[in-house]
Amino acid sequence: MTEGRDWIERSGARAKGRRPAFFDEPAVDRLYSLTLALASELSATRERLDTVERLLEAGGSLRREDVEAYAPDRATGHERGEATRAYIARIMRGFQQEVEAMEHPDPPIMDVVEALTRP
Amino acid sequence: MTSDLPPAYTALMRHPMMPRTSHDEAARFNFLTHFNRYVSGTLGRGNQLAYDARVLPAFRAEHGRDPQHRDEIREGMNRDPFHRTWSALKRNSMEMRQMNGRQAVLRQLDALDAQARQYNEHSGQLELDSGIVQPEYQTCVDIHCQPGGYHGEERPGDVTVGANYDVGLFATTGGALGALNDGGGQAVVAWAKANRPGWSPGRILDIGCTIGHNAVPIAQGYPDAEVTAIDTAAPSLRYGAARAAGLGVRNIRFVQANGEDLSRFADDHFDWVQTTMFLHELSAASLPRILREAYRVLKPGGLMLHVEQPQYGPDMPLFEQFMRDWDAFNNNEPFWSAMHGVNMEQAMEEAGFDQAEQFSVGVRAVVDPSIFPPSPDGASEDYGRAAIWNAYGAWKPARAQEMAA
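Line order of the protein sequences matches chains A and B. Take the first sequence: its position 46, counting from 1, is numbered 46 in full-length UniProt numbering, and each next residue is one higher. Take the second sequence: its position 347, counting from 1, is numbered 347 in full-length UniProt numbering, and each next residue is one higher.
Hints listed in this document are in silico derivations from the structure and should not be mistaken for laboratory results. The beta-carbon is built from N, C-alpha and C at its ideal position, and this holds for glycine as well. Watch out, some of these pointers could steer you wrong.
Simulated restraints on C-beta separations [said to hold, decoys possible]:
#: 1; chain 1: B; residue 1: A114; chain 2: A; residue 2: A101; range: 30 to 40 Å
#: 2; chain 1: B; residue 1: D71; chain 2: A; residue 2: E82; range: 40 to 50 Å
#: 3; chain 1: A; residue 1: A71; chain 2: B; residue 2: Q134; range: 47 to 57 Å
#: 4; chain 1: B; residue 1: Q48; chain 2: A; residue 2: A71; range: 48 to 58 Å
#: 5; chain 1: B; residue 1: R292; chain 2: A; residue 2: A21; range: 37 to 47 Å
#: 6; chain 1: A; residue 1: A75; chain 2: B; residue 2: L128; range: 53 to 63 Å
#: 7; chain 1: A; residue 1: I88; chain 2: B; residue 2: R79; range: 11 to 21 Å
#: 8; chain 1: B; residue 1: R45; chain 2: A; residue 2: A115; range: 26 to 36 Å
#: 9; chain 1: B; residue 1: E320; chain 2: A; residue 2: V99; range: 49 to 59 Å
Stretch by stretch, here's where chain A covers chain B in the computed footprint (C-beta under 8 Å, at least three residues) [to be verified]:
#: 10; stretch: 64-72
#: 11; stretch: 90-98
#: 12; stretch: 208-216
#: 13; stretch: 307-320
#: 14; stretch: 335-347
Which chain B residues stay away from chain A? Per the calculated CB distances, all over 12 Å, these [to be verified]:
#: 15; residue: Q48
#: 16; residue: A61
#: 17; residue: R79
#: 18; residue: E136
#: 19; residue: P147
#: 20; residue: N164
#: 21; residue: G221
#: 22; residue: V249
#: 23; residue: D268
#: 24; residue: R296
#: 25; residue: A328
#: 26; residue: G352
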């Protein structure tokens, strides 16, 4: 753990430098960010499911009713809550960083490219 | 098993400073590794198709001629729906790589910072200088879209950016740099050993070392050499020095210094001056200064080698120049385009190396083929991040009296 810092909030920090707009409608850019992050999360979930299946196949057992009845204890509940918050921060990154960009706008990247090109 | 599939993220070597990843953090990197390869390979060729089918005919219809500069192609392609989509996928993949890496690093930052401090206090392999000012080319934008660039701190004395760079490089490169992300440095060593067998450099300088993933393999390849790895960014150096110590590599020191001013080193001090994928992160003003300083501190008979993407010469098709330029405008590498338009032969000549002393060579990343698949090359090259690089080199001529001796 990292004491005294909101690591989830900081993990979504925006890189300095104006982000290119790839589409005429900004919402399309945001939808790409959201959809790709969801795709990544589903991929990770599938991988996790595969892990569970392999572990079970290798020597364990798992009752469906135990899964249905499972209630996390306080510590586990906290861990899961934090995981959920981190998950939301990941998939909402595009929107969150757009707000940051409105708060602290950068000059167009072309200005920087040209400035650094001059000897 | 298909040989060209990238290995699982868990195949990376868990050196002591490497941030620990949970099951799902590793799974996210696995997704991005495959996704990056898909975007550069399977989807990447769609750019040429879109250009041939739509963008070039439209340009000809409008202007009555072919494009004469890569910028004209870029203007057309940036209006093309496929290239827009492809660019959005590629940019988002980089942003996700940064966020996933930062989540892994920041949640365990206390442990990483403590471990780095412990290694660095005991090893004596880190020398920071708070008087070093970050050059503008490092601060004007965050390179590679990494929040904080190489130099930013989440809190004083931390290693966030270094650890994040290391933990996610695998996903960015599609696993093409091997278990320690050090295939680039290993390539340089393999090239040097093949081209100067028996050479035993005493002092080696690596400029712009970041976390030392290219300098450490050089130190390992030449264990009798003293390697000095410099960078302006303290957070990267803190992580890099601790990483090297954790790997048990002792003949390397990480020093905070700016390659534009190497006055702390005497003339003729080093047998070898190296940069690896560094020149494109500079500026037009700093590049010649660094080359001049590199020449000055290099011993007669010594080697200067710069691993860097090839130049945009007249032999390179304009469309390829445009594709290679993508990172300049979409991945926060603002000098990328200008650097690859620089005449490196002339720049190195102005730094002191006659063109007759110069050479250019291809170096291929060395990775363990039993774990990692062959590096992508040829048509499937990911222009910004391929594991086969061009290198600009020169042997500084020995002085006449030394040659006679």
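Quick rundown of the hints versus the structure:
1. B:A114 - A:A101: 30 to 40 Å: Roughly 34 Å apart at Cβ, these two residues keep to the hinted range, so it holds.
2. B:D71 - A:E82: 40 to 50 Å: Once the Cβ atoms are compared, 47 Å apart, the range 40 to 50 Å for E82 (chain A) and D71 (chain B) holds.
3. A:A71 - B:Q134: 47 to 57 Å: Cβ of A71 (chain A) to Cβ of Q134 (chain B): about 51 Å, so the range 47 to 57 Å holds.
4. B:Q48 - A:A71: 48 to 58 Å: holds, 56 Å
5. B:R292 - A:A21: 37 to 47 Å: Distance hint for R292 (chain B), A21 (chain A) holds at roughly 40 Å.
6. A:A75 - B:L128: 53 to 63 Å: Violated, at about 39 Å.
7. A:I88 - B:R79: 11 to 21 Å: violated, 35 Å
8. B:R45 - A:A115: 26 to 36 Å: holds, 34 Å
9. B:E320 - A:V99: 49 to 59 Å: violated, 38 Å
10. 64-72: violated (count 0)
11. 90-98: holds (count 6)
12. 208-216: violated (count 0)
13. 307-320: That given contact is violated, which follows from only 0 residues of the stretch 307-320 of chain B lying within Cβ reach (below 8 Å) of chain A.
14. 335-347: With 3 residues in contact (Cβ-Cβ under 8 Å with chain A), the coverage given for the stretch 335-347 of chain B holds.
15. Q48: holds, 19 Å
16. A61: At about 22 Å from chain A, A61 (chain B) clears the 12 Å cut-off, so the statement holds.
17. R79: violated, 9 Å
18. E136: violated, 8 Å
19. P147: The claim is violated: P147 (chain B) sits with its nearest Cβ about 4 Å from chain A, within 12 Å.
20. N164: violated, 9 Å
21. G221: About 34 Å separates G221 (chain B) from the closest Cβ of chain A, which puts it past 12 Å; holds.
22. V249: Non-interface label stands for V249 (chain B): nearest chain A Cβ at 28 Å, farther than 12 Å.
23. D268: Holds, since 28 Å exceeds 12 Å.
24. R296: holds, 20 Å
25. A328: Nearest chain A Cβ is 6 Å from A328 (chain B), so the label is violated.
26. G352: holds, 18 Å
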